[in-house]
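Undergrad: Residue strings, one per chain:
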Amino acid sequence: MSGSSRVALTDADELLHRQVHPKMRVDGRPSNELFMPRSGDAGLVSVDRSSKASAEDAWRRYVASGKLSAEVWSVSVGDVIETCLSAHEDPLEDNDAHCVVDFNPTFESATDYKAQKKKANRYAVALAAKARSRGQSFVAPQPE
Amino acid sequence: MPDDADNFVTPIFRGGRFEAKVLPLDLNVLGDLVAYRDLVVELAAHLLKVQEPKRQRAPKGFDDSFTLAIRQLHPGSLMTEIVRLRPTSPKSSQLILESEDVFVQARDLIEECLARAAKKESLPSAFPPRLVHRFNRFGRGLRDGESVELRSAGRVSGPTYDRNVRRWIVLSYEDTYEDRIDQVFVADGGEVEKSLVVLRTNDAARRRIEAPVSADDAAEKVRRVLSSATTQSCVRVLGVAQYARNGALERILHVEDVREQDDDDGERTSLAERFADLQALDDGWFEGAGTAFDPIALEELHSALATALRGNGLRLPYVYPTADGEIRLEWTLGSWEVSAVADITEGTAYADAIRLDDGTHQSLEFAWRSPTGFVDLVRLVERLGTSENNDVRE
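Chain order of the listed sequences is W and F.
Sequential numbering of the first sequence, starting at 8, is according to the working numbering.
Sequential numbering of the second sequence, starting at -10, is according to the working numbering.
Hints in this document: simulated from the structure, not taken from any laboratory.
Just so you know, these numbers come straight off a predicted model, no measurement behind them.
We put the CB at the ideal spot given by N, CA and C, even for glycine.
Be aware that a few hints might be false.
Stated by the list, open to error - Covered, in the sense of this in silico footprint (three residues per stretch, anywhere, with C-beta under 8 Å from a C-beta of chain W), are these stretches of chain F:
| no. | region |
| --- | --- |
| 1 | 37 to 47 |
| 2 | 93 to 103 |
| 3 | 316 to 323 |
| 4 | 340 to 351 |
Here chain W stands alone, though its shape is the one from the complex:
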């Protein structure tokens, strides 16, 4: 995650795809952890923008890198803005669709990761709920 570009995404209808690790879903429901920033990611959550990658394209690129994803769930840029967060471009060398959702404003004065995560929880919950209300954007084919 470079975080170098700060061009904000503004098309409210554009979808942002997020990969779901198989252990992060139960009975078909993905966890709120789906949109929680992870340690070492500087408060940024990786997504792929639909204008440059379909959900299936995003999944294929992700698993081709050796990572696990069972499904793709998506929120719109409008959903992100409604949740009082922002999303911006963050193209990578091998993925020009890569963008990030920035949770840094939610951290307030929290400095350590654990405290930041606690502050970010409610926003991650709201985003995950919006993704669930849309349904899966892509379901990984079952292995043959």
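On the provided structure of chain W, position chain F as indicated by the hints.
TA: Just chain F now, with coordinates in the frame of chain W:
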């Protein structure tokens, strides 16, 4: 079981729900064993005709001469010993003496199919392609990560059968395969008289799917879909579907149950099953991050949560691990989302409740290992879940 039975095969179930050392009261598992028995009989009849080419069909009573029964569940494991009952009538006894080998041959041929399919090798030529479709039924109750080893009498191991092996076998000769479906769709309509529901896929394509309802109370289930269709609400559909080679849903063969999304605890993974899954996580389970949970601390959390939930009729939380070594407990209660994060090492937890339609927010911090444990969280969930119209604001 009296001495009128011989061990035929011992299925040993492993993974997923079976790691909790309980045999789920799930007809799908029993259905798998019935499907296995039917496959043995049909294959044995085929082998008999191959060995006796002049025979047009299997002899009368052939099917009834082969009876399987569960002898016992071995303590401490999920080994279900399946025995073959010896026929009691003289006619059947004579028949079984004549044809005994073909049932054993059928069992062994099935095991050879499984072993070869597990290695992605072609099925043995002795197995008739017309019977491949039988594997659509046998093993349908197994979920991802679950398998059954079929260990024949007198052997120390047997081939392992799982969803991947099953698909490989069916797709060896067919372009599609059948599997259980448990998926959320948008309710779009239905016809009570025809026991038919109309659904749309819950994705951008919104593909229209008509599906027959096979349950005894089909009319009730169709009405449930019709009711949800008035608001285009989502429903959870359980049944059997046909899938293309690439795993894409082709059609729903029959719907066994339709559940409103807020009323689906009955089919939800139990707390015990879920915590068994968490116990099974190894170091590095999340892209190299995420550590295995301390089994004692995890069991403490499980016990504290189960105690707090016992007897109050609350919906079960969805339980997830995090890569940071925490456990998330999540509830969707109408327009409220409740999400708690428990640190299993420190014994602390925090929770947020968010009302999605207006952003109302409540938060809570507690020590789940303390005597009051999850009491405050459970009270919050109870209040949000049962208050009229979920209209709780503070």
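Undergrad: Give me the numbers of the hints this structure contradicts, sorted from smallest to largest.
TA: 1 and 2
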